[in-house]
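Number of protein chains: 2
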Amino acid sequence: MRSARRKRDKIVLDTSIFVNPEVRNDFGNSPTEAIREFLKLARQIPELEFYMPTSIFSELTNFVSLEKIPGELLSVLYQKSPNKHELTCPAIFLYELIEDIRERVNKGLRIAEKAVRSASKEDERQIIHNMRKNYREALRDGIIDSKEDVDLILLAKELNAILVTVDHGAITWAEKLGIRWLFPTKFKEYLLSFIEKK
Amino acid sequence: MRSARRKRDKIVLDTSIFVNPEVRNDFGNSPTEAIREFLKLARQIPELEFYMPTSIFSELTNFVSLEKIPGELLSVLYQKSPNKHELTCPAIFLYELIEDIRERVNKGLRIAEKAVRSASKEDERQIIHNMRKNYREALRDGIIDSKEDVDLILLAKELNAILVTVDHGAITWAEKLGIRWLFPTKFKEYLLSFIEKK
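Protein chains in written order, with our numbering: chain A, 14 to 211; chain B, 14 to 211.
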């Protein structure tokens, strides 16, 4: 297998793989179980290197009991932030982001106006509940909206790695930067394919 | 003056210089008059080259009567878009933008919630009017929120030019990219200083 090992592929992982039930259930019934199962598979695959941005790792610790995770995890899943002070992104990316946000901001205002107009007719609590949902969908879904998202994309870019996440925003922007990504629901099968070949 | 001409400084101009009354009045009582006066000064200053991104120029044509502007303008004020497919911006810029927007989006939602809560007590039209104002301030003031803003900043960066604009968002982000800028209210005096030296 030496020739294969020489071109080791890198994988950048998001927390969502271990937290989002749709994908996590492939690995285990809880985030902690899912990580243990991932670890069991990952250490059998020397052809792949696994990375997680530090900010994402820190999110993950909100969901798992760190004392139940073998220290070995750290030798299989590297913590690394992107080199954010040296990396650059294409300016066209900035244009697309600003235009996207501009449209979303306008949409957010329309949602708020509609809520105010219906406020005298319906239950105020229900209106606010619905407005929050619609507003968040309009302003956040399918966009990179946190530094954790930026970390994921830039780390994948820096390492020329494959991104594995459930987040649509991160995938949309990975596409714009020509970053490879996997369907998260196929991630376990992908890992197994390396093991079964042996 | 040959030695001075060899290092000609470049200036990138925003529409706001000719439209915003606070600055425009230094040059004339209408955008058209302001441009004619600017042109009169600019052609006496071979030490400076003036640029305007095409998108900004196109905004300007909403305010001025083009037929009243001498064709000479185009030989004094160059139209040029930034090279947006080759330029890059530092990744750290992306982090700051995303964090800034995230906070603004949350603030926008709080404003909308407050408006809904007061909707049963006050005049609906007045509430919507105030909400729009507060929302736009929260989501747009001091941020680059249009492709025209991005054009201004990137063109100044590309040309290593001095940015002249009234837009606080553009100035804030020019600062982050180490772009030189002038207090817009001092722009006429700045131009005159070149002429008076002679």
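It should be emphasised that the hints constitute simulated quantities derived from the structure, not laboratory data. Hints are not guaranteed to be accurate.
Copies of the same chain are indistinguishable here, so a pair counts whether it falls within one copy or spans any two.
Computed list of lysine-lysine pairs in DSSO-like fashion (alpha-carbon distance at most 27 angstroms, straight line) [said to hold, decoys possible]:
(1) K120 / K146
(2) K127 / K23
(3) K160 / K134
(4) K20 / K199
(5) K189 / K160
(6) K120 / K160
(7) K81 / K210
(8) K189 / K201
(9) K23 / K53
Because the structure is a prediction, the values reported are computed rather than measured.
We went through each hint and held it up to the structure:
no., hint, verdict
1, K120 / K146, "both (13 angstroms within a copy, 15 angstroms between copies)"
2, K127 / K23, "neither (47 angstroms within a copy, 47 angstroms between copies)"
3, K160 / K134, "neither (40 angstroms within a copy, 39 angstroms between copies)"
4, K20 / K199, "within (22 angstroms within a copy, 59 angstroms between copies)"
5, K189 / K160, "both (18 angstroms within a copy, 17 angstroms between copies)"
6, K120 / K160, "both (23 angstroms within a copy, 18 angstroms between copies)"
7, K81 / K210, "neither (30 angstroms within a copy, 76 angstroms between copies)"
8, K189 / K201, "within (25 angstroms within a copy, 43 angstroms between copies)"
9, K23 / K53, "within (18 angstroms within a copy, 60 angstroms between copies)"
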